[in-house]
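Visitor: Make the full structure from the sequences, and use the hints.
Line by line, the protein sequences are chains V and U. When the first sequence is numbered by the numbering used here, its final residue is 236 and no position is left out of the sequence of numbers. When the second sequence is numbered by the numbering used here, its final residue is 319 and no position is left out of the sequence of numbers.
Any given hint could be a false lead.
Straight-line distance between alpha carbons at most 20 Å, and here's what the computed SDA-like set of lysine to any residue pairs gives [stated by the list, open to error]:
| id | chain 1 | residue 1 | chain 2 | residue 2 |
| --- | --- | --- | --- | --- |
| 1 | V | K69 | U | D195 |
| 2 | V | K69 | U | N205 |
| 3 | U | K182 | V | G107 |
| 4 | U | K182 | V | L96 |
| 5 | V | K74 | U | K182 |
| 6 | V | K130 | U | K182 |
| 7 | U | K182 | V | Y100 |
| 8 | V | K74 | U | R194 |
| 9 | U | K148 | U | G165 |
| 10 | V | K130 | U | D195 |
In case anyone wonders, no lab produced these hints; they're calculated from the structure.
Chain by chain, the residues:
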Amino acid sequence: MPLLSVTGLVAGYGGITAIKGIDLTVDQGEIVTLIGSNGAGKSTTLRTISGLVRARNGRVEFLSKPIEKLAPHKIVALGMSHVPEGRGIFHRLTVLENLYMGAFQRGDGEIADDLGKVISLFPRLRERLKQAGGTLSGGEQQMLAIGRAMMARPKLLLLDEPSMGLSPILVQTIFETIQSIRRQGATILLVEQNAAMALEVADRAYVIESGVITLSGRGAELAGNDSVRRAYLGEG
Amino acid sequence: MSILFLTTPEFWFDQIVNGLTTGSIYALVALGYTMVYGVLQLINFAHGEVFMIGAFAGYGVLLALGGQDISGVMIVVALVLALIAAGLASGATAIAIERLAYRPLRNAPRLAPLISAIGVSVFLSHLVDDGFLNGETKHYDQIFPAGKLSLGALNVSYLQLFLMGASLAMMAVLYWIIQRTKLGRSIRAVAESRDNAALMGVDVNRAIVATFALGAIMAGFAGVLYGLFFSSIRGSMGFIPGIKAFTAAVLGGIGSIPGAVVGGYFLGLAETVGRELLNEIPGVNLPNEWKDVVAFALLVLVLIFRPTGIFTQQEGKRA
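Guide: Quick look at the structure:
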């Protein structure tokens with residue numbers, strides 16, 4: 001039984017249909033990536049899974065429960081965290097408040113422990129805890145966004161373009177973090193334009209074009225596929 | 001400068017105390033405008049009527065407890081009960097308004113909820129005036145002990161002291177809720193981005209309802225304080241204080257909570273002290289109604305020259 005299973009998902013904005021029947025699954029413990037060019041429907045797919053965009057058709061099952069009609073906060077409560085494109089940091093809340101927002105649905109006594117873990121994963125955040133989120137650099141904001149998502153103890157983490165706008169060194173750091181998060185037991189659905197990096201860390205990958213999945217397979221397999229190399233890896 | 005001394009220091013202290021008294025009421029009401037604007041970018045023009053409902057709820061409680069005959073320790077009990085009833089009545093009214101008049105228009109063009117707000121405002125003031133009171137004005141019983149505190153040229157009545165102190169305490173509690181509680185954090189998060197707050201697990205509708213309710217409770221308290229101080233209450237009583245409080249919120253930078261408080265006191269002072277200062281000019285003698293002219297002239301000037309508020313730094317648009 002996959003952790004997340006998406007079947008025939010159709011969604012869009014106003015008169016535009018951005019995704020036209022997406023099928024994908026994510027198994028427990030996997031890193032699955034969805035690659036594709038700008039406007040292919042990657043972000044809309046994530047936004048529909050997490051409930052921000054209403055599905056017009058199709059099904060989304062998470063932990064074997066249909067969730068395509070649930071409000072976003074109820075999906076969060078089931079154990080899904082979505083780090084949106086642009087990171088979604090609250091600029092006027094402090095770094096510490098941002099981190100606490102990540103644990104909003106939790107009422108257990110281990111929130112402080114998890115805060116300690118996130119801070120040791122991202123030591124740069126420690127000295128900035130009292131600063132407003134908007135004062136952080138792009139890289140720090142991305143760390144905060146991922147750290148904040150960890151505060152929810154998600155069973156499934158949706159990451160939308162975590163490498164966007166970051167220097168190559170920071171991109172490396174972020175991808176190392178993604179792998180270490182997986183080693184701690186989280187499952188990740190990663191959307192990326194940086195296909196080379198994404199295929200390197202992913203167990204499996206889907207290629208999306210104009211709102212439909214055109215290819216899927218193991219990460220390494222797709223990285224060797226001629227049309228993927230031409231279209232997304234800048235080769236040939 | 002010498003013209004200032006044509007009148008006595010006592011006179012000017014009185015003006016300042018009066019300004020701070022009405023300013024307290026404006027500040028309490030302004031909080032509701034600014035908070036709702038913060039989360040929905042909506043000017044809740046029915047907020048003045050939410051204030052009016054609070055004034056009547058408090059009036060009803062005082063009447064039921066014996067009106068003029070309330071004395072001794074019962075005065076404290078009666079005031080507390082009146083404030084609680086006003087907070088509940090105003091809060092419930094605001095929650096109903098949000099649910100019935102604003103939420104169905106959440107995704108409509110901005111003008112639609114604004115018109116809906118004006119409609120609710122007119123409806124409520126006429127419902128009370130024409131539906132229940134036949135145009136009659138009610139009067140708060142003067143249960144508060146008369147007398148004043150005098151410090152040299154400074155005279156403050158006990159009622160004014162209570163009014164200023166109670167307002168400060170209420171605003172401090174609200175500030176604590178917004179800054180230090182999980183609910184407050186969720187309201188601030190929704191004010192920044194509804195989508196991002198939802199992704200954190202915040203029930204956005206619940207946070208919006210809480211925002212309306214908190215602002216309305218402050219307005220309900222203000223309604224009772226208004227009744228105690230000015231005595232006369234009627235269905236249309238919320239209109240002018242409502243627009244004044246809106247002015248205060250704009251002065252302080254709408255969306256800013258400290259701004260609403262500072263704007264409230266500033267407006268209270270400007271309209272009392274400001275009018276008297278104009279009266280110091282030889283040949284000028286402005287009657288009391290000119291308070292409103294001063295207040296609304298300020299609103300127009302601020303909207304033209306500093307639409308983000310006079311106390312805020314002009315902020316560039318952030319990406």
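Visitor: Now tell me if each hint is right for this structure.
Guide: Now for the hints, and whether the structure bears them out:
no. : hint               : result
1   : K69(V) to D195(U)  : 16 Å, holds
2   : K69(V) to N205(U)  : 16 Å, holds
3   : K182(U) to G107(V) : 11 Å, holds
4   : K182(U) to L96(V)  : 13 Å, holds
5   : K74(V) to K182(U)  : 18 Å, holds
6   : K130(V) to K182(U) : 17 Å, holds
7   : K182(U) to Y100(V) : 9 Å, holds
8   : K74(V) to R194(U)  : 15 Å, holds
9   : K148(U) to G165(U) : 15 Å, holds
10  : K130(V) to D195(U) : 24 Å, violated
Violated hint for the displayed structure: number 10, the only one.
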